[in-house]
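Trainee: Residues per chain are reported as follows:
2 protein chains.
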Amino acid sequence: MTTWDSLYARRASRMRASEIRELLKLLDQPDVISFAGGIPDPELFPSEAFKNAYADILGGPEAAKALQYGVSEGSLRLRRWIAGHMRGLGIDCGPENILVTSGSQQALDYIGKLFLSAEDTALVQWPTYLGALQAFNAYEPRFERLDPGANRPAVDCEAKAHDAGGRVKFAYLSPDFANPTGLTLDLEERRRILSLAGELSCAVVEDAPYQCLRYEGDPVRPLLALDCETSGAIENTRTLYCGSFSKSLSPGLRLGWVCAASEVISRLVLIKQASDLNTPVLNQEAMARVAEEHFETHVAKTKAVYKARRDAMLMALEKHMPAGTRWTKPEGGMFIWVELPDGIDAAELLATSVEAARVAFVPGRAFHPDDSGANTLRLSFSCADVGKIEAGIARLGKVIARTVTSAL
Amino acid sequence: MTTWDSLYARRASRMRASEIRELLKLLDQPDVISFAGGIPDPELFPSEAFKNAYADILGGPEAAKALQYGVSEGSLRLRRWIAGHMRGLGIDCGPENILVTSGSQQALDYIGKLFLSAEDTALVQWPTYLGALQAFNAYEPRFERLDPGANRPAVDCEAKAHDAGGRVKFAYLSPDFANPTGLTLDLEERRRILSLAGELSCAVVEDAPYQCLRYEGDPVRPLLALDCETSGAIENTRTLYCGSFSKSLSPGLRLGWVCAASEVISRLVLIKQASDLNTPVLNQEAMARVAEEHFETHVAKTKAVYKARRDAMLMALEKHMPAGTRWTKPEGGMFIWVELPDGIDAAELLATSVEAARVAFVPGRAFHPDDSGANTLRLSFSCADVGKIEAGIARLGKVIARTVTSAL
Chain A
1 MTTWDSLYAR RASRMRASEI RELLKLLDQP DVISFAGGIP DPELFPSEAF
51 KNAYADILGG PEAAKALQYG VSEGSLRLRR WIAGHMRGLG IDCGPENILV
101 TSGSQQALDY IGKLFLSAED TALVQWPTYL GALQAFNAYE PRFERLDPGA
151 NRPAVDCEAK AHDAGGRVKF AYLSPDFANP TGLTLDLEER RRILSLAGEL
201 SCAVVEDAPY QCLRYEGDPV RPLLALDCET SGAIENTRTL YCGSFSKSLS
251 PGLRLGWVCA ASEVISRLVL IKQASDLNTP VLNQEAMARV AEEHFETHVA
301 KTKAVYKARR DAMLMALEKH MPAGTRWTKP EGGMFIWVEL PDGIDAAELL
351 ATSVEAARVA FVPGRAFHPD DSGANTLRLS FSCADVGKIE AGIARLGKVI
401 ARTVTSAL
Chain B
1 MTTWDSLYAR RASRMRASEI RELLKLLDQP DVISFAGGIP DPELFPSEAF
51 KNAYADILGG PEAAKALQYG VSEGSLRLRR WIAGHMRGLG IDCGPENILV
101 TSGSQQALDY IGKLFLSAED TALVQWPTYL GALQAFNAYE PRFERLDPGA
151 NRPAVDCEAK AHDAGGRVKF AYLSPDFANP TGLTLDLEER RRILSLAGEL
201 SCAVVEDAPY QCLRYEGDPV RPLLALDCET SGAIENTRTL YCGSFSKSLS
251 PGLRLGWVCA ASEVISRLVL IKQASDLNTP VLNQEAMARV AEEHFETHVA
301 KTKAVYKARR DAMLMALEKH MPAGTRWTKP EGGMFIWVEL PDGIDAAELL
351 ATSVEAARVA FVPGRAFHPD DSGANTLRLS FSCADVGKIE AGIARLGKVI
401 ARTVTSAL
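Those protein sequences? They're chains A and B, same order as listed.
Heads up, the first sequence is in the UniProt record's numbering, so the first residue is 1 and it goes up one at a time.
Heads up, the second sequence is in the UniProt record's numbering, so the first residue is 1 and it goes up one at a time.
No lab work stands behind these hints, which were simulated from the structure alone.
For clarity, every value in this text was computed on a predicted model and none was experimentally measured.
Among the clues, some could well be false.
[Stated by the list, open to error] Facing chain A, a subset of chain B residues (Cβ under 10 Å, in silico): (1) 39; (2) 66; (3) 70; (4) 167.
[What the hints assert, rightly or not] With the C-beta cut set under 10 Å, the calculated list includes, among others, these residues of chain A facing chain B: (5) 15; (6) 57; (7) 102; (8) 202; (9) 255.
[Stated by the list, open to error] Just so you have them, the derived chain A footprint on chain B, three or more residues with Cβ under 8 Å: (10) 50-60; (11) 105-112; (12) 201-212.
Every residue, glycine too, gets a C-beta built ideally from N, C-alpha and C.
Make the full structure from the sequences, and use the hints.
Mentor: Take a look at the structure:
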């Protein structure tokens, strides 16, 4: 019998199953109200538009091309649409600044692969998107805390990274309605991160999958747009912007992108070539058609639904949460972050909550590289209707109240 | 301006553009007869079947599910079909032994990621599939030559790997109609590799994208089938079999698979989860439908076409190649491997050939990890019809004859 463990690379010891994805498998029971999965509501997908796009491509003269291998950088038609979308966000760029990826998760994997040697440092927020930690973990970096609210001296990060045997390669952050906190960085915080990255001569990874899902307030300019402004042109910037169609049109086609200086894009193209050759052309051509025709109207429709759910969840939290429980008020996205009174363990709470109240959420510890955050949890409002949100939060409030009381 | 080079990981220095894929971009000229691209003939894709499959899924009750995130191991329906296909090859397995990947290229990337630490050794054939070298390169291994025809003492490989600071993690090979040589390993050679791997306690990576394209002779049992037989059950084996739909039904959906012991599959699933979450469900569901209905008949049709092209190319080589030039006689697949007289550089020949004769091929050096093989080249017969093959090889024969003469 093969002793597999002895054959694995060192990095394999850092690969663990996502608590969230394992959870999702268990929650497929009709009587559980789940605020756990950070996924879009499938009822909202523009299935009809996709059906027509696939029929159009596969029934037309482009069928053979769509079923063949394609170029690693991505289909020109889709890259053109994405470049136009990015220009709409204040980033002057062309298709040469775009790499199409299999979801923005793949972009994070490739960015880790391109930049991180073992013992290098990645600056990340605490808590942060779990999938980013998982993607970067394969390249064995250290994680150091990035706090956009504080004026941290660069020299301190630099020294620590150097002592650990590497250097700071990038600052990773999700500036709009972040997963898991729902928080948005203001202009000053964004400028502070760019300035810190400048002092450290490192890159910035701007993960923006929720960017288009804003329900109130004015959009804040992307870090890449600010970077373009300061440095004069995209070719002079240090920011890699990761976008995604997963939260706007459909996650099922697995389509995302990186927008950055063409020099770094061309390196990422080499990585793409060696890792899966190319993202399916058929899906890219279908997405290009659907995005060209439906992006604006579909996103508007989606936002109206999610806004109502966010409002319902905020109202229900206000009504049903016991004293000492705090939560964020996201201006967009899919998530509300809850802080329980100290001493309450959200993972233990989940077991009680699913069993006694049939309500699910994600305990917050997994989002912290240092295993802190035991008293935090993530609620997603994207997949439950307003009625279920009110009922579910009421039930959750009772469970929390009981837990707090018995902990006293 | 950002100094990107100073930020890249050490592995980035090993990432180079594929000579072949760069070539392909230049060869899109109507008067060039290309034997360069190792890609299937797009005229043969079952577009109608795919059109119906996509319409069926997107017009039916499964649309929303197909457009949503999916499980990292792959859709159950497709894994069931694949497991059945593998059982047909003599490998007793179930869906738990299958990971669906974005083409078998992604399987190679994940296998490199799971097994290779820097300075570990991968045994590979010389020449070998360039894409495998590119995929593994990201994990900074050494390559050591694997010669299935020789009884090499394991202790020698082991000592060299150890001296280099790692160990032998796997033997990689493509046993059927290999890219680039077209050669097939016989039963004795396969058993020899399994036995070597046993002595080294390492894994075996069986890359079998062309397996179903046999035009003559009896199929040779896959290494995984032999391994199952010797070790009693798939759960006791050391072989990871990489399959692909790219050469049978379509490369455009980017669908391949790994078949192996469930213990190692579960590790690869974690890698998939962290690197791109999942392969598009929509494509997997479409492929399952097309494979269930059309695999056998479509592969039979494809084989008839490619067989005629292989026969035409072998006949044309016999007729037009000057003395001193040798080539393989593949029993299947897409490639014939040509050895030119010593001293002739195939890369230089390519320039002359494209310019003077409008015929293209791939110079063989890139397939050798040690940059040897300057006098070799790869011809692909999959994409040219019989008339073009005869005309192209006639033209190529003249160019080679002239080059040989002028080198004397």
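Trainee: Decide, hint by hint, whether the structure agrees.
Mentor: Against the structure, the hints come out as follows:
1. 39: holds, 5 Å
2. 66: holds, 6 Å
3. 70: holds, 7 Å
4. 167: holds, 8 Å
5. 15: holds, 5 Å
6. 57: holds, 9 Å
7. 102: holds, 4 Å
8. 202: holds, 7 Å
9. 255: Hint on residue 255 (chain A): holds, closest Cβ of chain B at ~9 Å, below 10 Å.
10. 50-60: Coverage by chain A holds for the segment 50-60 of chain B (6 residues, Cβ < 8 Å).
11. 105-112: holds (count 3)
12. 201-212: holds (count 3)
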